[in-house]
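Visitor: Residue numbers (my numbering), protein chains in the order written: chain E, 1 to 279; chain C, 1 to 289.
Since the hints were derived computationally from the structure, they do not count as laboratory data. Since the model is a prediction, treat every value here as computed from it, not as a measurement. Glycine residues also receive a C-beta, built at the ideal position from the N, C-alpha and C atoms. Hints may be right or wrong, so weigh each one.
Chain C is faced by these chain E residues, among others (derived, beta-carbon under 7 Å) [unchecked claim]:
#1 35
#2 36
#3 66
#4 127
#5 155
#6 258
#7 260
#8 263
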Amino acid sequence: MTYSVRSATVRLGPAVALDDVTVEVPGGSVVAVVGGDGAGKSTLLRALAGEVSLDAGTVEAPPKQRLGYLPASSGSWAALTVTQNIDFVAGIYGLAGDELTARRAELLDRAALTPAAGRLAAQLSGGMRRKLGFVMAIVHRPALLILDEPTTGIDPVSRIDLWRLVSEAAASGAAVLMSTTYLDEAERAAHLVVLDSGRVLVQGSYDQVRAEFAGEVTQTSQPVRADWAWRRGRVLHEYWPGGAPSSPSSAPAGTTTVAPDLEDIVIALSLARRNAVPS
Amino acid sequence: MTGVLLRAGHVTRRFGAFTAVDDVSMRVQAGEVVGLLGANGAGKTTLIRMLLGLIAVTSGRVDLLGGPPDRERRRRLGYVPQGLGLYGDLTVRENLSFSARAYGTAEPVLPPALAGLADILVRELPLGAQRQVAFLAALAHSPEVIVLDEPTSGVDALARAALWDTIRAQAERGAGVLVTTHYMQEAQQCDRLLLMSDGRLVAEGSEADIIGSTTAVAVRTGDWARAFAALAAAGAPVMLAGRAIRVANADPAGLAGVLEAAGIEASLQPVPATISERMLMLSRQARAS
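With the rest of the complex left out, here is chain E:
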């Protein structure tokens, strides 16, 4: 089963939060939406979750009882314990008795939350709270799992735990759409969607995105065109949409061509859009 939003446009007041966006989420795979604050990630996820209505376009999603959604806010109740949080949500989906006991034990174990089962959600670390939110989103074995920045701001070790949980959900057949601000996480997904100001900057598998990237990226201490350059550590990278100039005299000494990674590609395409549209 493949779920999707097609040609989706969402206006929030005068702002266009999503502008003609099409994304497909096939069962058994992880689709990652990447972009900064205000790029439209949450709006896209909420559109698929049925939490925001479209001004144009269509949504194909399962009914609510087959959908799991972890919002960007914590997704749990601070004054309830870990167990109470899970049981409350499970109750909404009609899970009870031995079935609930077994499911809760299995999920707590996989999320490494068993020792914290009796703790109030308010007393969990940020990473543990996100894992609890994940467990609550998946307790009813949804066909479509939507995760809004499950890993933002949490430490790398909890991120690995969460990625294991996400991978296991996809491995058991769920379609997973997750947003992230970490490009290295987007590289991990089967399909990545880069959003910028409500529009799709680029999408595809990491290999496709790299293969379809046109132009060259050079590394230099002295960029030729400052508005096409960005900082990478002690050096700068510069994007040449039509290829780097071949004449060595036009480039400062020490300029070399580099193999762009996803960070370079996303920045280069963002610059190309900004430099093409005068603000």
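Model the placement of chain C on the given structure of chain E, informed by the hints.
Guide: Leaving out everything else, chain C in the frame of chain E:
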């Protein structure tokens, strides 16, 4: 300005029976960007709060600009906390003039990217612009020491590159910069790294020094999801990189056995370990002890 600007000497901090920071010695020199890494609960925030003079040390000593971190020396410090420390109900200009008055310095000139936003309430700005304002407020008095807690969390790649441009410019003018981060690509932008685990400083130096003797194996397979589940079920410290599965500190023969038993075809190859993998191994050791 040369030499050591910020130094912790055998610093320990206890909260009741709990030791949050345990005998940590570190320093930040003029002109360098030092990255402070560690999982949640490793002691990073407690260490920073001691370096800033916000809480007292239980034992050891902190030197900020050649003496204890008192009010006078803290004026020469710039700090951007994770929560940014701005007033959401004040405009950009009001926030900047407030912090300029507090530090007794001139109000900073808004860069072109923020020029049109001077009279907007800070809470109405996108996060990337809020971070730029927080940087401006913290850097207007040309501090000699700069402490940044998760400086680029939540912003897009272009805004992150712009913020790193600012950080690098501060180091180039001679400031010493201490940055905490959970973003490994960001750690690679630092001149030197410190890694904390369980309250202690466990590694220091370049990325290679941090990784130390940690090793990793890449597992390539057409069926990563099943391979991942099988290896995780066997208790291996697995993670994903692209669609390749990586396992830290693993014996390739042991992994091959697990995959064969599950009927999964895969090729295994030793690869250089990452900082995340070192951190994963440290946290497993801490959980086990």
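Visitor: The structure should be examined with respect to each hint, and the outcome stated for every one.
Guide: Okay, the hints, checked on the actual structure:
Against a cut-off of 7 Å between C-beta atoms, the interface hint on residue 35(E) holds, since the closest Cβ of chain C lies about 6 Å away. Of the supplied interface hints, the one on residue 36(E) holds, with its beta-carbon coming within about 2 Å of a beta-carbon of chain C, less than 7 Å. Restraint check, residue 66(E) versus chain C: the minimum CB separation of about 20 Å is more than 7 Å; hint violated. For residue 127(E), the shortest C-beta to C-beta distance to chain C is roughly 6 Å, which falls under 7 Å, so the interface hint holds.
The interface hint given for residue 155(E) is met, as the beta carbon of that residue sits about 4 Å from the closest beta carbon of chain C, less than 7 Å. Annotation: residue 258(E) was flagged as interfacial toward chain C, and the flag is violated, the nearest CB pair being 14 Å apart, outside 7 Å. Evaluation of the residue 260(E) hint against chain C yields a violated restraint, the C-beta minimum of about 12 Å exceeding 7 Å. About 6 Å separates the beta-carbon of residue 263(E) from the nearest beta-carbon of chain C, less than 7 Å, and the hint is met.
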